[in-house]
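> Read off the chains here:
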Amino acid sequence: MNREEEPHRQSRGRHGIGLGRLARLTLKELRETLRDRRTIVTLVLMPLLVYPLLSIAFQKFLLSNLKSASQPAMIVTFSSRDDGRLIVGYLEQGDALLKRNADAARTRGRPASRPPVEVVPGLSLPSQQPRSDPKIDYRLSANLEEALRDNFADVAIRVRPVGGRQEASQPVHPGDPVDLEILGLASSRRGDKAVRIIERRLRAVNDFYRQQRLKRLGITHRLAPIHTVRRSVETETRASPYSLSTLVPLILILMTITGAVYPAIDLTAGERERGTLETLIAAPVPRMGLLLAKYVAVLTVAVLTATVNLVSMAVTVLSIGLGPLLFGEAGLSVWSIAQVFGLMILFAAFFSAVMLVFTSFSRSFKEAQAYLIPLMLVAIAPGILSMMPGIDLGRLLSVTPLINIVLLARDVFEQTADPADTFVVVTSTVVYALGAIAVAGRVFGTDAILYGSPGTWSDLFRRPKTPLPAPSLSNALLCLTFIAPVFILAASGLGRLQGLSIATRLMLNGLITVVLFGGIPLLEALVSHIRIRGGFRLMPVRRLAWLGALLLGLSLWPFVFEAVLLTEKLGLFSVSVELQNLAREITTRMRALSPGWILLSLAVIPALFEELFFRGYLFSALRSRLKPWPTILISALLFGMFHLVVRDSLAIERLLPTTLLGVVLGWVCARTGSVLPGIVLHCTHNSLLLMVAYYEPQLKDLGIGTARDSHLPTIWLIAAAIAAGVGLMLVAMASRTRSESNGAG
Amino acid sequence: MISVHELTKRFSGSGTDILAVDRLSLTVAPGEVYGLLGPNGAGKTTTLRMILGLLRPSSGYAEVAGLRSSEAPDEVKRRIGLVSASAGLYQWLTPREILLFFADLYGVAPEQAESECSRLSDLLEFKKYLDRRCATLSTGQKQRVQLARALIHDPPIMLLDEPTRGLDVFGSQVIFEYTGHLRDQGKAVIVSTHRLLEAQRLCDRFGLMHEGRLASEGTLTELRAATGCRNLVEMFMQSVQKPGTESSFAGGETR
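So the protein sequences, as listed, match chains A and B.
In terms of the working numbering, the first sequence has 303 at position 303, counting the first letter as 1, and numbering is strictly consecutive.
In terms of the working numbering, the second sequence has 1010 at position 10, counting the first letter as 1, and numbering is strictly consecutive.
Hints listed in this document are in silico derivations from the structure and should not be mistaken for laboratory results.
As the structure is a computational prediction, the values presented were derived from the model and not from experiment.
For every residue, glycine included, the Cβ atom is placed at its ideal position computed from N, Cα and C.
Honestly, I wouldn't trust all of these hints.
[Stated by the list, open to error] Some chain A residues close to chain B (C-beta under 7 Å, calculated; not the full set):
{"hint": "1", "residue": "R24"}
{"hint": "2", "residue": "T26"}
{"hint": "3", "residue": "D176"}
{"hint": "4", "residue": "T279"}
{"hint": "5", "residue": "A282"}
{"hint": "6", "residue": "V285"}
{"hint": "7", "residue": "R287"}
[Unchecked claim] The calculated lysine to aspartate or glutamate pairs, modelled on DMTMM-like cross-linking and capped at a C-alpha distance of 20 Å, are:
{"hint": "8", "chain 1": "A", "residue 1": "K465", "chain 2": "B", "residue 2": "E1071"}
{"hint": "9", "chain 1": "A", "residue 1": "K193", "chain 2": "A", "residue 2": "E145"}
{"hint": "10", "chain 1": "B", "residue 1": "K1128", "chain 2": "B", "residue 2": "E1116"}
{"hint": "11", "chain 1": "A", "residue 1": "K99", "chain 2": "A", "residue 2": "D207"}
{"hint": "12", "chain 1": "B", "residue 1": "K1142", "chain 2": "B", "residue 2": "E1177"}
{"hint": "13", "chain 1": "B", "residue 1": "K1142", "chain 2": "A", "residue 2": "E273"}
[What the hints assert, rightly or not] Label pairs and their computed distance ranges (CB to CB):
{"hint": "14", "chain 1": "A", "residue 1": "A370", "chain 2": "B", "residue 2": "Q1200", "range": "45 to 51 Å"}
{"hint": "15", "chain 1": "B", "residue 1": "P1030", "chain 2": "A", "residue 2": "R35", "range": "47 to 53 Å"}
{"hint": "16", "chain 1": "A", "residue 1": "L526", "chain 2": "B", "residue 2": "I1018", "range": "30 to 36 Å"}
{"hint": "17", "chain 1": "A", "residue 1": "G596", "chain 2": "B", "residue 2": "S1059", "range": "54 to 60 Å"}
{"hint": "18", "chain 1": "B", "residue 1": "P1030", "chain 2": "A", "residue 2": "G342", "range": "52 to 58 Å"}
{"hint": "19", "chain 1": "A", "residue 1": "L254", "chain 2": "B", "residue 2": "D1122", "range": "47 to 53 Å"}
{"hint": "20", "chain 1": "B", "residue 1": "H1005", "chain 2": "A", "residue 2": "S364", "range": "34 to 40 Å"}
{"hint": "21", "chain 1": "A", "residue 1": "I532", "chain 2": "B", "residue 2": "S1059", "range": "25 to 31 Å"}
{"hint": "22", "chain 1": "A", "residue 1": "S364", "chain 2": "B", "residue 2": "E1125", "range": "30 to 36 Å"}
Could you put the whole structure together from the sequences, leaning on the hints where they help?
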């Protein structure tokens, strides 16, 4: 064991918080919260009331929409019964002709006046139904102009004898020439619409008589050269200006927040105000443990609220049949509900942590409320923004808190969610939640909050006078909170940059690695006054360890190769053709560069800086709280996950080999207590793989090189296994006297 | 058992600089009840919080059973029971639930916690409302539960911060009696109070604090010999009265 780690171990000791105790602590928090009537109101009553009320409002809105679309309650007026008979006759005949034409077009499989459009979710549904003109009421008026001005009618029709020659007293029969004067109120949308409907029907009648007469004259071909058909095409994205499938997750999210607000305040600021927090902090339980119990309690209430909301929403939607309108053709499926429930849990995990940051800062219930109300308003803004048309879940929005969940939930409801986006949203949200917990852990129960001690607020963020031997878990989590989203954005952004030479691309890649995995942890270590040597585990090791690491670096690649092959053979994942082509293209372009440049940018820099973070800073932080193996596995998994993001897609097949490599690197680090042998191992491993790819044509000329999908020769694998075994043994031997072998051996 | 060396706490920031505790040193042996006396704002509570490890000292240190509060806070906390007048109870939980919860926090085995819960509720006479929600209890009843909560893990050290504040005569009597019982059990007890006459009956030794400093210290006999005063009230008035200094020490509660 390293001497510098001893204080950590001692303080962790047997009084760390295990899962059992965490569960019991959480149970107490939940018992206290759920017995409070105020929780029950937000948890049960509100969701039960909100969705039925919303659905009633929505139905009203919808009905009025449908009504206005299909039944404008059109009133047509005329000045005499004879005129009425003629007009009603023509209008009904026109209506019948229009319907007959539409039916005929439909049976021929050709679009009628409106072509059938793909059903898209949203408000456009009513307009997708076959359009029928509204019902027309007919009225008699002495003065047609007056009738329009008094809103007695929408449109007035006056029958005029043709050329004024015919006497008004002579009745006009159907088919006789007649002039109709159509009167509508100026600047009235309703009147305009009514006039258009009348004109359309009368045009249909005219067409009918024209065709009949031409037929009688023996003319069957088309007289006019141009015949137009008007056809509206829906946009590919969304027809409605606001997507209703975004509204539902937004409401769910807001309701989930509402459920979690009260316990978040009550269990932190409320406890402080009632004087119970002091007795809790006076107990021999780490503050982070107490905070975690509170976090789990708040999260549980939030998830319960989400569940009640989701069930209430689903029952409401299904019972009134709003599914297709809100979520598209497929409606609301059980699978999409389950997926959205998962997202709600994710959101609750994130927002509960954020709320605890604010409430842990607060010294009273009122103060906490004052912080949370603006926070909720801030949370609504990106949610509403995500409802705007044409907003898609790109890389930037995938790592933007809140908006990413709303957009992903929308995509899930619409069954268009992309796996890579889903991964980025889930990962970034989990990282943000961990970062928020780390911040909350720094302030929860400190004397600044507990006693409002003057001056101690600034102490929370002041550089400690005495150096710390290793970073805390919260230090590492904060680092990760910065690194993860920037890394995802950088990986995507660099892939999209056009016109960059491969050399520039590699240089930028190296720079990003240096800044993210070296710069950010180093900056935090300096700010938090963490000893660089201990914090990054830059401990000297025996020569045997160097040798062991080198052997491992040389011998691990066949296993990595076989692991990739195995995942493909098992049908778990396969390297996409696109990614294969990309890799091939990059390799070809890389051959234009010198091997030294490639090794520096893709082997030395990543090995050095990734090791400094994953097996240095992060490892030290995890090790301050966890035993060796959980530390090795968590750091390895995070290492594997960071290698998943390639441009805009996920290279899932990289997860297993990279994580396995991480496990070996973690084991070496735990055994030797140092990051240095791992750097050698990582660098050798990367270099070997790169050089094999770089000299592939030459190797093939020499008869070395196999088809991509075949196993390596058995002899190679045996040799690699022997070399790896010797390497492991050397590392174990080298670290026997100074390692953390109690657990990682 | 308790040893405090040159303990100092300075609160500074946003234009204020308050010396709450100034180079305070004292020791308390097992089976001894130490009265930390002083007016409001003398630094008594701050001292107790530093002993418990809830506040970080600006300089100096406090040791409990040989462990420094700032270095091994959890070990120190495990050995201490705290009763504070400002502490509250969980309104929606019952005394039994609270006692068992705190027993768990201090690592007491469930069976032992149950028997301790039963014993303490008998001893402090609150068995009949052991399963009532704390919101329905009176101030005196709550204070008994607080005392039981602090004792549930049978700590060798008790810190009582204004334990009788807000209590009637009967309530205070329970605390007094039980403090005597703690002494008999060999526990080291520090009682912080400004009720001097009560302290005189209760404590073996006294530390008179004023403006963060220990003005005088000793047994009642030693203090009488040193000051020539008959009781703590007179002693304290003599030690703290300076021109321009107004003390709230001998307030109505001491009569």
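> Could you check the hint for me, namely that P1030/B and R35/A are 47 to 53 Å apart, CB to CB?
Violated - the Cβ-Cβ distance for P1030/B and R35/A, about 41 Å, lies outside 47 to 53 Å.
> Holds or violated: the 30 to 36 Å window for the beta-carbon distance between S364/A and E1125/B?
Hint holds: Cβ distance 34 Å, inside 30 to 36 Å.
> Using 7 Å as the Cβ threshold, decide whether R24/A counts as touching chain B.
6 Å, holds
> If you draw a straight line from the CA of K1128/B to the CA of E1116/B, is it 20 Å or shorter?
Answer holds: K1128/B to E1116/B is near 16 Å, not above 20 Å.
> Is the shortest C-beta separation between T26/A and chain B less than 7 Å?
Nearest chain B Cβ about 12 Å off; hint violated.
> Can the suggested window of 45 to 51 Å be confirmed for the beta-carbon pair A370/A and Q1200/B?
Between A370/A and Q1200/B, where Cβ atoms are some 46 Å apart, the hint holds.
> Taking the Cβ atom of P1030/B and the Cβ atom of G342/A, is their distance within the range 52 to 58 Å?
57 Å, holds
> Does the structure keep K193/A and E145/A at a Cα separation of 20 Å or less?
18 Å, holds
> Less than 7 Å between beta-carbons is the criterion; does V285/A satisfy it with respect to chain B?
5 Å, holds
> Are the Cα positions of K465/A and E1071/B separated by 20 Å at most?
Given pair K465/A, E1071/B holds - Cα atoms ~15 Å apart, limit 20 Å.
> CA of K1142/B to CA of E273/A, is that 20 Å or under?
Holds. K1142/B to E273/A sits at ~17 Å (cutoff 20 Å).
> Does A282/A pass the interface check with chain B, least Cβ-Cβ distance below 7 Å?
5 Å, holds
Checked against the numbered hints given earlier, this structure breaks hints 2, 3, 7 and 15; the rest are met.
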